[in-house]
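Trainee: Got two chains here, each in a separate frame; can you build the complex from them with the hints?
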Amino acid sequence: MSFLGPLPFGIFIYIALGAAALAVGAYIIKMRRRRFEVPFSHLWKRVLEQKDANALWKQLKRLISLLLILLILAIVLFAALDPTLGAVDRKARSVVVLFDASASMKAMDGNEAGSKSRLDAAKERTKALVDSMGGGDVAMIMKVDGQATPMSRFSSDGPVLNKVIDGIAASDTPADLTRALGAAADALRDRPNPLIVIVSDGAFPEAQLGLVSWDEKKPLAPQPAPDGKTSNAANWEKKDLAAVDLSKIDVRYLPVGRRSDNVGIVAFNVRRYIANKAAYEVYIEVQNFGQEPAHRQLALYNGDTAVDIKKIDIAPGQRIKQIYPKLPGSLDNKLRASLRPVEGAGGSDSFALDDQAFALLPARKKQKVLMVTTDNLFLEGAILVYDNIDPAKVSPAEYDAKPSLADGMDVVIFDEHTPAVLPPSPTSLLFFHPTGENSPFAIRGELANPRITEIDEGHPVMRWVTMSDIYMDKSGTFAPDPKKGESTIAYSVRDSIIAAKRDGRRKILAFGFSLPAAGRESATDLPMRVAFPMLLVNTLDWFAGDQTDLLTTYPTGSRERVPLDGVVGATEAEVKGPDGTITKTPIIDGRATFYGSRVGYYDVTAKDGKGTPIAQIELAANLASPAESDIAPSTELSLAGKKLEAPEAFAITRSKKLWIYLILFAMALIVMEWVTYHRRITV
Amino acid sequence: MEPASASLTQLKKSAAVRESRVADRSELFDDRFLKTLEHLHMVSRKVFAGNLRAERRTRKVGSGIEFADHRTYARGDDFRYIDWNLYGRLDKLLLRLFEEEEDLHIYILVDVSDSMAIGSPLPKLHYAMQVGAALTYVGLANLDRVAIIPFSDRIIDRLPPSRGKNRIFRVFDFLKKCDLGGKTELAECMKDFVTQNKRRGLAVVISDFYDPQGFEQGINTLRYNKFEPFVLQVYDKREAEPNLHGDLALVDCETGDTREVTVSKSLLEQYTKAHEAYCQELEAYCTKYAMPFFRTHTSIPFDELVLKIFRSGGFLR
Numbered sequence: 000m001s002f003l004g005p006l007p008f009g010i011f012i013y014i015a016l017g018a019a020a021l022a023v024g025a026y027i028i029k030m031r032r033r034r035f036e037v038p039f040s041h042l043w044k045r046v047l048e049q050k051d052a053n054a055l056w057k058q059l060k061r062l063i064s065l066l067l068i069l070l071i072l073a074i075v076l077f078a079a080l081d082p083t084l085g086a087v088d089r090k091a092r093s094v095v096v097l098f099d100a101s102a103s104m105k106a107m108d109g110n111e112a113g114s115k116s117r118l119d120a121a122k123e124r125t126k127a128l129v130d131s132m133g134g135g136d137v138a139m140i141m142k143v144d145g146q147a148t149p150m151s152r153f154s155s156d157g158p159v160l161n162k163v164i165d166g167i168a169a170s171d172t173p174a175d176l177t178r179a180l181g182a183a184a185d186a187l188r189d190r191p192n193p194l195i196v197i198v199s200d201g202a203f204p205e206a207q208l209g210l211v212s213w214d215e216k217k218p219l220a221p222q223p224a225p226d227g228k229t230s231n232a233a234n235w236e237k238k239d240l241a242a243v244d245l246s247k248i249d250v251r252y253l254p255v256g257r258r259s260d261n262v263g264i265v266a267f268n269v270r271r272y273i274a275n276k277a278a279y280e281v282y283i284e285v286q287n288f289g290q291e292p293a294h295r296q297l298a299l300y301n302g303d304t305a306v307d308i309k310k311i312d313i314a315p316g317q318r319i320k321q322i323y324p325k326l327p328g329s330l331d332n333k334l335r336a337s338l339r340p341v342e343g344a345g346g347s348d349s350f351a352l353d354d355q356a357f358a359l360l361p362a363r364k365k366q367k368v369l370m371v372t373t374d375n376l377f378l379e380g381a382i383l384v385y386d387n388i389d390p391a392k393v394s395p396a397e398y399d400a401k402p403s404l405a406d407g408m409d410v411v412i413f414d415e416h417t418p419a420v421l422p423p424s425p426t427s428l429l430f431f432h433p434t435g436e437n438s439p440f441a442i443r444g445e446l447a448n449p450r451i452t453e454i455d456e457g458h459p460v461m462r463w464v465t466m467s468d469i470y471m472d473k474s475g476t477f478a479p480d481p482k483k484g485e486s487t488i489a490y491s492v493r494d495s496i497i498a499a500k501r502d503g504r505r506k507i508l509a510f511g512f513s514l515p516a517a518g519r520e521s522a523t524d525l526p527m528r529v530a531f532p533m534l535l536v537n538t539l540d541w542f543a544g545d546q547t548d549l550l551t552t553y554p555t556g557s558r559e560r561v562p563l564d565g566v567v568g569a570t571e572a573e574v575k576g577p578d579g580t581i582t583k584t585p586i587i588d589g590r591a592t593f594y595g596s597r598v599g600y601y602d603v604t605a606k607d608g609k610g611t612p613i614a615q616i617e618l619a620a621n622l623a624s625p626a627e628s629d630i631a632p633s634t635e636l637s638l639a640g641k642k643l644e645a646p647e648a649f650a651i652t653r654s655k656k657l658w659i660y661l662i663l664f665a666m667a668l669i670v671m672e673w674v675t676y677h678r679r680i681t682v
Numbered sequence: 000m001e002p003a004s005a006s007l008t009q010l011k012k013s014a015a016v017r018e019s020r021v022a023d024r025s026e027l028f029d030d031r032f033l034k035t036l037e038h039l040h041m042v043s044r045k046v047f048a049g050n051l052r053a054e055r056r057t058r059k060v061g062s063g064i065e066f067a068d069h070r071t072y073a074r075g076d077d078f079r080y081i082d083w084n085l086y087g088r089l090d091k092l093l094l095r096l097f098e099e100e101e102d103l104h105i106y107i108l109v110d111v112s113d114s115m116a117i118g119s120p121l122p123k124l125h126y127a128m129q130v131g132a133a134l135t136y137v138g139l140a141n142l143d144r145v146a147i148i149p150f151s152d153r154i155i156d157r158l159p160p161s162r163g164k165n166r167i168f169r170v171f172d173f174l175k176k177c178d179l180g181g182k183t184e185l186a187e188c189m190k191d192f193v194t195q196n197k198r199r200g201l202a203v204v205i206s207d208f209y210d211p212q213g214f215e216q217g218i219n220t221l222r223y224n225k226f227e228p229f230v231l232q233v234y235d236k237r238e239a240e241p242n243l244h245g246d247l248a249l250v251d252c253e254t255g256d257t258r259e260v261t262v263s264k265s266l267l268e269q270y271t272k273a274h275e276a277y278c279q280e281l282e283a284y285c286t287k288y289a290m291p292f293f294r295t296h297t298s299i300p301f302d303e304l305v306l307k308i309f310r311s312g313g314f315l316r
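Sequence order for the protein chains is A and B. For the first sequence, numbering that gives the first Met the number 0 begins at 0 and goes up steadily by one. For the second sequence, numbering that gives the first Met the number 0 begins at 0 and goes up steadily by one.
Looking at chain B on its own, in the form it has when it is part of the complex (with noise of 0.2 Å):
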């Protein structure tokens, strides 16, 4: 496939009415949302209950106050842990360890770039944002740190880790005004969430996964620096069924590059078993290294989504 630069006039014409679209965000968190996230709070209360808040454990030593386990004195240690009853019976010097109780920190990667643009009646960008905020609230209402970052061919933007239900005001700020566009890298988007992002937590990404670089080496990425990535894909019906017919000039909408096809109902039939390949290959992988995935399409309402991931598990423990 070749760039077509007489295509260009018309891509950036395609381009700003579908951004446009997009842009318009005023109506995405309207009272009607909020009531359907309150909904969503208090269902996850109500299926979890028993948890305790804010009682995540990490598997830190640290200074909490359930003890975890022994070991050997090593200079320098404080005195202040040393067990003494210990000492008297074994005659060995060994230092208690306490579990260390924190805050779970959660990243909502919200996939922004182009592509996510499209959709129809409702564009996919859209729908991950409603996800997005509706994840967030429940983190927030859980007391968890919860941050925000649009990304597409980088970080755009980042909303700092928050915690409190309060907090989700500013989310719906964030997300309205955060800037979009941009090809789908997620390789280099993850590494540099990695290098910004020190502490570790449970990396919710939401995202179409349409890079064609591949999707697997940025969930790498988050694995290999100890995030817990939780695959959230997002896609748009006609785009796994397209309804096309005839002599086409295909344009990608984030790189511009076109290619001419005529469209035949045998190729649309091989295209849709691509298109599910592509979507099964995602969650094999998912699958494969344990981690959470959830693949939706823009039809299903976001609510129904979300409680779908509660029932899971994974993300409210």
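Just chain A, with the same shape it has in the complex (with noise of 0.2 Å):
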């Protein structure tokens, strides 16, 4: 027999020795009698002479009542101990489960016909592993996909944990086992005999295998040698850093799984042409992870309409890549990449999550543009190239004498000609040779024959621009205010020629020097270089907020930022999943976190304090791992070569809880107390 109650003995001594006093007490302390008057004691006194013959049996059943109660709380006492009848052959463990929720726990191989899953397979072999704990063994549960989720504290209850198991649902996301070891291993220190099983299909990628140290770990940092001249910092490698500290804690593991033939899309992606947006082209690749040949027909829609479908045939193994170039534009911006089972050996497989692969063509917008300009052709014949614009053009006489004119546009470009009135927000401005005090950014002064010596490569506008030989005759300069979030993006040694900047929900891009017209003294032969298209496109994109290599496909279980163009002052996004849900996510510096936990589309929206919408931007997310897809079980898994035994030593012991009839037992004495008592048989 085993004694696993919550106190040291000690204490529980203590406390035992307490209750016996105090049961003792109150029998030493006389019951308040209720009071009776008689009108002659001295006949009472007679009966109870008579009756005090009995008086030492009166004193034996006082005496067995208190041996009684005694007797009662020495057995409620024994059971706070916890006692446990049969043999105890190992010492209390310490055991985190780490359940694999990943997105291959989701193929149909828990039993022969395929009718449930590998996460149902499982969770029985989970449940049989708790209902064999002992009973000083407990159990956390942990369910591992793209994170490491706690289900439950230690706890030796086997009916909590086995609930928790079965309410633990798969996930789209891959797992990621180096994140799951490592809080498994926080939650293990200081606890003894620490250990932990993983649950899983063994489809983790290689490097997260590796990611482990049996041993104890070198000191986190190089420590400096005492001759002030060399560190130990050549011992310490970068692997070690993110190495989970395996050392002293023993890992088990508990393969499930039964098939490996799988058939999967493991990348879909779609881009615009640079330069023809409308077009796009789409990328897929579907890769056989089964060891049989296998025949599936690739569809690909946009929207719900097919774009193509086609019937193909993979080799064991073989990757294939599909690239659907020169696609037209459509109004739906939704592609679905699906593959559809054939009949026939090697026609379908039991992993339906990768058959499907979503994509999202980036947003594009027709803008609007009006020029204020006197006739320039250069700038007119620019503009006119591209083909997403809605072009206007006044002069500045015009535009002084009804500023309303630029109402409603996206863009208006100010030629040579520097406004009293702005167009008001949120309509973008460029501005050639802006000068005065209207100017958008502070004119600091003029530089003659300057040289475009340094542009800022990361900034939109510059996107794929080369500005190094452009010649101007003269040009102005500006001062930049940082703290208002202007930027130069383009320097002549150190005067700003080219700036940029932020004003709420607009953008705002001067040049310095003048575009070649009749009747003009600058000229520069920026409009004769290639770059001046490119130039206008980046700057309108830009005030469009169409980033050409914006990603809006992502893998899921992966954390992502994603920008979200003109966002001023939100602090949180509400993202809208593929079933509903509405989750919330932090906005920082302009760019929204976002995590697939599911495959399909999400709208991530900003909103500002009155819940009016600033930004939103729609994503995909796939599952897109091919260590995932790759469903075949491994019956084997080593960490940092280091092999895992299955969990042998959970070996079912036989032991019986005894509080329970210790309890029952005590309750049928104080009856029994009761009724005697009451019907005057021990008073």
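Hints listed in this document are in silico derivations from the structure and should not be mistaken for laboratory results. Being a predicted model, the structure only gives us computed values, none of them experimental. Please note: incorrect hints may appear among the correct ones.
Pairwise CB distance ranges (calculated) [stated by the list, open to error]:
(1) P149(A) <-> D246(B): 56 to 64 Å
(2) L121(B) <-> R32(A): 51 to 59 Å
(3) T261(B) <-> A19(A): 21 to 29 Å
(4) D29(B) <-> L67(A): 55 to 63 Å
(5) A25(A) <-> E215(B): 42 to 50 Å
(6) A19(A) <-> E215(B): 36 to 44 Å
Quick list of in silico lysine to aspartate or glutamate cross-link-like pairs, EDC-like style, CA-CA up to 20 Å [said to hold, decoys possible]:
(7) K264(B) <-> E672(A)
(8) K272(B) <-> E48(A)
(9) K197(B) <-> E187(B)
(10) K176(B) <-> D156(B)
(11) K44(A) <-> E268(B)
Every residue, glycine too, gets a C-beta built ideally from N, C-alpha and C.
Mentor: Here it is in structure tokens:
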């Protein structure tokens, strides 16, 4: 018999003695009796004198009653020690069960018939594991997918743990084993006999399997040597920092899964052509992870419209790359690739999650552009090249006479003109050679024959643009104020030639020099360069928030920072998932954090304080993980070269908890005492 | 049993409640009571018709008119009572003796101790006073001299012997106003009684006879001093068969003695038997010495008891 009580034995003895003393004290203290007046107590005395002949029996009955109470007390205290009948042949262990709930656990190979998922099989095995725990073992269930989520505290309560296991659902993300092992190791720190049991199909990337250290970690920071010249930094590898310290922890592996045949889409993306943004191309990768040749129908949809359907035959292990070039634009920007089963051998598999993939065409908006210029063929010619705009032109005099001409415009270009009244926000503004006090950027001075010596290559306007050999006979220079969000994107040595800024929801760009035109003294050869139309396109794209290299398709299980164009002041965005659930995500520096746990389309919306949407972006999430699509179960798992054993130590030990029987016995005694007291047997 | 000093306050409190109950005697002798007395008187006259009024002969030889006996003349005797006819025939000087006729003295001794204050719905004391008043009325109506003497651990007061029905209202007033309370000490009280009352007569003792020292000595004192004890025991039914259960502290209402008892059914049975035995002990004692004895509980109407007394004889002759 063993005792698994929650208190140290010494403290328990003190409590037992105290409780016994209280019980005895309660018997010593006389009960306050109801008073009753009698006319002639002499008669009672006579009767009681006769009765006192039985005083010994009376005392004995009282003693028996006391002993009975002490017995009940002893039984209750004994039950508190949690006595367990049966051999406990090992020490109590602290167990963290890492329950793999990644995408591959959705494979329907939990049984031969294929009616149960791999996750269901894992649940059964885990519950059997929990049921076989000894009396002193405590276990914590931790769900492992793209994150590591503790689902319970350390508990020895089997039914509670089983309920927790039943409530686990698989996600659409790859498993992050390193994160889970780190969390488990942290949870087990300073606990006796730590044990980690990984219940999984073993679908982990090789890189994660190596990020484990079985030895105690080396010092986390290089220590300077006594002579001050050398240090042990050389002994300290980057890998050691990321490695999970599993020293002194027993790690076991419980494999689940049966089948390995699977064909899945491992990559799916789409992009617009830079030159022709109306057209786009699609890239799909499909891989056969099985051991047999597979056949599928690969279908590509734009919205509900099938763009292409073709049959593909894939050899075992083969990865097919499909590119769909020059696809014409359409109203729907949602693309979907689907692998359809075909009849016959190798026509289907048990893992459906990677048979579909989703992608989004970057949003494209037609802008209204107003040119405030006297006739300037260079500007007008370049603007007309861009097919996604709706241009208009007024003279500076017309604009000054009626600034409301700019109302409803997305962009206004001021060519050699600096108006007193600027169009209202959110209209974006492009200036060529602004002057005077009304210049959007403070004018510092003027340079003769400046050369552009440096550009901000990271700025969207300067993407794919070279300006190093551009000639200008003169140019105004700006004094941008970084505190106002103003920045220089092209320098002549240290002078700002081209400046840009965000002004609330609109953007402003200013060139310090003039474009050549009839009647102008200054001259530049920029309009004759390839860079000029590119500059205008980039500028209009930047104004529209259309980033050509913006990614809208992400893998599930990874945390990404997605730019939200024009977001000012908002700190939180709403993310509407594929299943309609809405979650909140923080916005930091204009970027929202995105974590896709399900495959499908997401809608990220930033709102201002009044709840009005100020920015919105659509995203798609796909499994896109060859490691997860490779559902072949690993019967063995090695971490950093160490093969993990099956948790054979969980052989079922038959032990019986006695506390419930003891409490029942104590209750029976209490009832007996109560009955005998009230039937005047023991009084 | 030891006095429980801790229970003194409680005892005083309950005594105060008890006293307030028995102290209210305003309704004790109402018109209905008077009618009952008159009825009793009529019944007594009917039952004992033929008896002479105020003709209760005593054995005392005195100045009556009815011849009783002769005795030898002694020096100093009144010559007028010498029977000269017998002297002529027998040549002996014999004196003629006559029975002396005198009024019978009836002493109604009412126990007013604390134990008499117990009883429900009528305290024993009230019952005893009603019985005492009824007997007094009948005695007064029969032209006997009736005195009322309340007692507990001493003779508390005394209504001197008086005669005639019209005295009954003084009796009522006296009973309503007399002091109450104290322990029952029969022996001491009877000793004082016989010392204070030289005229012998009928001593009707109305009490519960709950005297820890025993009832014998008190009754014997009356007997030894030529009084005719007439014993009336009054008790309450709940005293004989108390309805008690569980753990109790029994407090003696007279002494304050406390005894902790766990009352069980068997103990109650034993007590009932002990009470009955005590009463029978008293009855046996009275029977042994040819003393009239009546035992009654407060549930029996007092007039029934009085009639029973009349029928049995001893009170009315």
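Trainee: Confirm or reject each hint.
Mentor: Results of checking the hints against the structure:
| no. | hint | verdict |
| --- | --- | --- |
| 1 | P149(A) <-> D246(B): 56 to 64 Å | holds (57 Å) |
| 2 | L121(B) <-> R32(A): 51 to 59 Å | violated (28 Å) |
| 3 | T261(B) <-> A19(A): 21 to 29 Å | holds (25 Å) |
| 4 | D29(B) <-> L67(A): 55 to 63 Å | holds (60 Å) |
| 5 | A25(A) <-> E215(B): 42 to 50 Å | holds (47 Å) |
| 6 | A19(A) <-> E215(B): 36 to 44 Å | violated (55 Å) |
| 7 | K264(B) <-> E672(A) | holds (19 Å) |
| 8 | K272(B) <-> E48(A) | holds (14 Å) |
| 9 | K197(B) <-> E187(B) | holds (17 Å) |
| 10 | K176(B) <-> D156(B) | holds (10 Å) |
| 11 | K44(A) <-> E268(B) | holds (14 Å) |
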